[in-house]
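Fit chain B to the given chain A structure using the hints.
Top to bottom, those sequences are chains A and B.
Just so we're aligned, residue 2 is where the first sequence starts under the numbering used here, counting upward by one.
Just so we're aligned, residue 83 is where the second sequence starts under the numbering used here, counting upward by one.
Rather than coming from a laboratory, the hints here were simulated on the basis of the structure.
Note that the coordinates shown come from a computational prediction; the quantities given were computed from them, not determined experimentally.
The reader is advised that the hints may include incorrect statements.
[Said to hold, decoys possible] Below, a list of computed lysine to any residue pairs in the SDA-like style, where the Cα atoms sit at most 20 angstroms apart:
#	chain 1	residue 1	chain 2	residue 2
1	A	LYS528	B	PRO194
2	A	LYS501	A	ARG458
3	A	LYS528	A	ASP503
4	A	LYS528	B	ILE193
5	A	LYS528	B	SER191
6	A	LYS528	A	CYS518
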Amino acid sequence: MSHLRIFLALAVLLAACGANPTPGSTPIPPTAPGVLAPITTPDPDAPVLAAIAEQNARSAAALALPVPILTLDDGLTDEQQEAQRLAVADPRFQRDLFDTQSGAPLRSEIFGIYPWRESDLTDSTAGCLNGPARCYRVEMYNYAYNAATLATVDVVGGAVLAVQYLPDTQPDIPNYLVRLAVEIAINSPEVIAAMGVQPEATDAMMPNAKTPLTRSRCERSQHLCVAPTFLAGTRGLWAIVDLTDFRLVGVRWTDMGDPSASQPVTEKSLQDEVITANYCDRTTPLDQAGWSLDYMLTSSDGLRISNVRFNDVPVLDDAKVVDWHVAYSESDGFGYSDAVGCPVFSQAAVVAARPPDISPIVVDGAEVGVSLRQDFWSPTWPAPCNYYYEQRFDFYSDGRFRVMVISHGRGCGNDGVYRPVIRMAWAGEQGRFSEWTGTTWQGWDQEGYVLKGFESRATDEGFMFQLETEHSGYFIEPAFGQFDDGGRGDNPYVFVTRAKPDGEEGGTDLPTIGPCCNTDYRQGPEKFIEPQPENLSDGAPLVFWYVPQIENDDTPGEEYCWAQSVVVDGVFRVNEYPCVAGPMFVPVTAAP
Amino acid sequence: MLLLSLGYWLFTQAQAAAPAPAGSYPPGSANYCRAMPAFAVNQGFSQQSFYSTSDRQTVGLLLIDGSEQRQGATYQHPSWSMAGSLGPIQLDGGGNAYVAPVPTINVLSNIPEQQNTIYRVDGTTAEMAAYATVPAAQIPDATNPYGVLGLNYDCDTRSLYATSVAGSTRLAEVGQIVRIDASGATGRVVDQLSGVDAIGVAVWNGPEGKRLLYGKARTSEIWSIALDGRGDFQGEAQLEFTLAGLGPRGDDKARRIVIDSATQLTVYGIEFSYNLIAPSEKQQTAYTFVRESSSTPWTFEPPPPEEQ
Chain A
2 MSHLRIFLAL AVLLAACGAN PTPGSTPIPP TAPGVLAPIT TPDPDAPVLA AIAEQNARSA
62 AALALPVPIL TLDDGLTDEQ QEAQRLAVAD PRFQRDLFDT QSGAPLRSEI FGIYPWRESD
122 LTDSTAGCLN GPARCYRVEM YNYAYNAATL ATVDVVGGAV LAVQYLPDTQ PDIPNYLVRL
182 AVEIAINSPE VIAAMGVQPE ATDAMMPNAK TPLTRSRCER SQHLCVAPTF LAGTRGLWAI
242 VDLTDFRLVG VRWTDMGDPS ASQPVTEKSL QDEVITANYC DRTTPLDQAG WSLDYMLTSS
302 DGLRISNVRF NDVPVLDDAK VVDWHVAYSE SDGFGYSDAV GCPVFSQAAV VAARPPDISP
362 IVVDGAEVGV SLRQDFWSPT WPAPCNYYYE QRFDFYSDGR FRVMVISHGR GCGNDGVYRP
422 VIRMAWAGEQ GRFSEWTGTT WQGWDQEGYV LKGFESRATD EGFMFQLETE HSGYFIEPAF
482 GQFDDGGRGD NPYVFVTRAK PDGEEGGTDL PTIGPCCNTD YRQGPEKFIE PQPENLSDGA
542 PLVFWYVPQI ENDDTPGEEY CWAQSVVVDG VFRVNEYPCV AGPMFVPVTA AP
Chain B
83 MLLLSLGYWL FTQAQAAAPA PAGSYPPGSA NYCRAMPAFA VNQGFSQQSF YSTSDRQTVG
143 LLLIDGSEQR QGATYQHPSW SMAGSLGPIQ LDGGGNAYVA PVPTINVLSN IPEQQNTIYR
203 VDGTTAEMAA YATVPAAQIP DATNPYGVLG LNYDCDTRSL YATSVAGSTR LAEVGQIVRI
263 DASGATGRVV DQLSGVDAIG VAVWNGPEGK RLLYGKARTS EIWSIALDGR GDFQGEAQLE
323 FTLAGLGPRG DDKARRIVID SATQLTVYGI EFSYNLIAPS EKQQTAYTFV RESSSTPWTF
383 EPPPPEEQ
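Isolated chain A (complex conformation) (with noise of 0.2 angstroms):
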């Protein structure tokens, strides 16, 4: 059979690179990886591109306007005027200028006046046919709905003939666009660093074509997105640029010759390649603040670090989290367990979308240790049942540390209850765990789980456990609102467990690992403990487990876990509300 000539083709194929074939399998060449432009908040002295800043005036006088679109200028015959004019003004053509729920303007644009073709014929354009109409075909892009509007006008009639919507598309942008697409590309660092010098705009061409634009797309922001190319040698470097928001999204070089080149590099290829091959494939170190750790992207447990030390002393083997439990109280059993994590190849129902995030910790001007965060998106959120989880670690140079999860909303309903898995193993024998009682530490002689809630007792400093081994002691300090960070409290579950050798009961990706929907301790660690508990009293490493529980909230001034789309500067923005939630480990010796 021909699939066994493919196969011994293939297998001397395999053999010749020197590769390890599996019978039967097809390997998928490994290709470098793109570089993705850092998203920060714009700082207002920042100097911004002249043509930026003049688009940015053009589009807010638009939006100013009665009918608020932007209309075409330059270059335009007398006809296609006309054309422009007869279409901006027919209320068909006007149908999504203003959004349904604020009554807010939405950025729309012309995009193009074209001479009516044959190939636009409808039972509405007949008459464009054979004169004596003469037509043109106006297009309309909607930034804030992704959509193109386009009108056909006969402009001997002076009418509109027929006004078509098409959601999901993107006209064929004008040339002041191709213009300052270009401009934000040659003056990204990005573009700079990749071909070793500023490039010119006339640098940016695709061969044999027109336009220095290669296709390409946002998927996951769902903007207005073309690719100026670069071309050296037999590469070219696309150069995602991002017009909705005039910024650059990332660059990646293809071999133009490579039949796979003709893939168009978009947002999200771009950023699932980037995530995947540095940080999913690798671990990437850290070292700031007197910590050091490792940090990586797992299948299904989010953001895993490993092998912290304080100053040089073991703190943790590895923390992460496990799952993230919604359910929602008003729909018995409905709810979701998610896992967080990877972008692609993986477990994980909410995907890392952006690298991990280091910065400073600043308190009153002054530095006081490192934060390490991940977000983790679904596709179409802040849309109903679309969620958005963060993690965090704040690490702070006095030896305390801080294990956050945030959701920042939204999910199906304003009923629902988060509970994210949160494990950490902590290094070293001999451990100790012990719980404040109101007037002492009552050590745990057992494996077990304790539920923490607003009337739990804690000592002065607010700390209700203490967990120990040969290398340190931390008292761990719930929040119950105490952090300053928006937090209500956590009304945790609390697990300890004894840690086992070669990864098992969690020390390798976990799968899901707890339903959506129990309201008690049954979240999953107590898997772990149950039937049996096992003994603590020998020493033996330990695993902590804690389970916030947090209550979503959409009362207006009130919101919690929420998250709203609104409309700024004619697109939609997304207000977030999140929730913060997480213990604060303090050293033994650190303490007042």
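What follows is chain B alone, placed relative to chain A:
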């Protein structure tokens, strides 16, 4: 006598290995014999009833009556949730249904080792039981929770085609497409196409015989391969068309291929990245392709714009 038997055996082998004879089957879909299960008829379910594996409140398979009279009537046999969350569904001429597990959002109810098991729901008793297992080319790991993703039943050859990506990793495509002899009470894998990760699959009866269309899982391409008189794979696979650049996402994978007629098919495309993302509103887009004759390529027929 021995010579006669040998001659007959050689003749039948040659016949089976030959391409399915042109024009010998009704043109278009080879899954034309779908029959309503007898147990459903006996329970009063109408001909508008259908199976669903996508009800968010129900794990497994659900029978739903879509008629106006009994709208909302549902039935689930106790065995229908035994395999966890399910994906593709196919019916044969006897009213039996074939289903396969596909994890949704998480793997809580889907045991990784059983994602390559195909189940059959008996059309008479409604009992669901394991029917066939596609042997995985490689032991699946935590980076790929999927096994069987697509099924298609060929009424002419009583073959069930299954696509599986079990064991595939980011750097090795070890999926396969298998033909299962579905003529008996248990299924048997009788032919396979290896090294291909695919999702949607459909048998198309064309003027030159049968071809199996399949949508690749790693790219947006739809390929096909000829089938012989028995339904086994024959010759080289060929690229038919691609969904790349089409629709709201531009990189959809073909989740399901439906043969509408001898010259038209609809591909249902979804985002697929070997993870468990599951947005609430199913991000699925239907793409229609047509062709004038077997010698012309399939061309995309864009949906008519919404006129205001």
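Results of checking the hints against the structure:
1. A/LYS528 with B/PRO194: Roughly 19 angstroms between the alpha carbons, so the hint for A/LYS528 and B/PRO194 holds.
2. A/LYS501 with A/ARG458: Violated, because 31 angstroms separates the two Cα atoms, which is more than 20 angstroms.
3. A/LYS528 with A/ASP503: This hinted pair holds, its Cα atoms lying about 18 angstroms apart.
4. A/LYS528 with B/ILE193: Since the Cα atoms of A/LYS528 and B/ILE193 sit roughly 17 angstroms apart, the hinted pair holds (cutoff 20 angstroms).
5. A/LYS528 with B/SER191: The given pair, whose Cα atoms are some 16 angstroms apart, holds under the 20 angstroms limit.
6. A/LYS528 with A/CYS518: Between A/LYS528 and A/CYS518 the Cα gap is close to 16 angstroms, so the pair holds against 20 angstroms.
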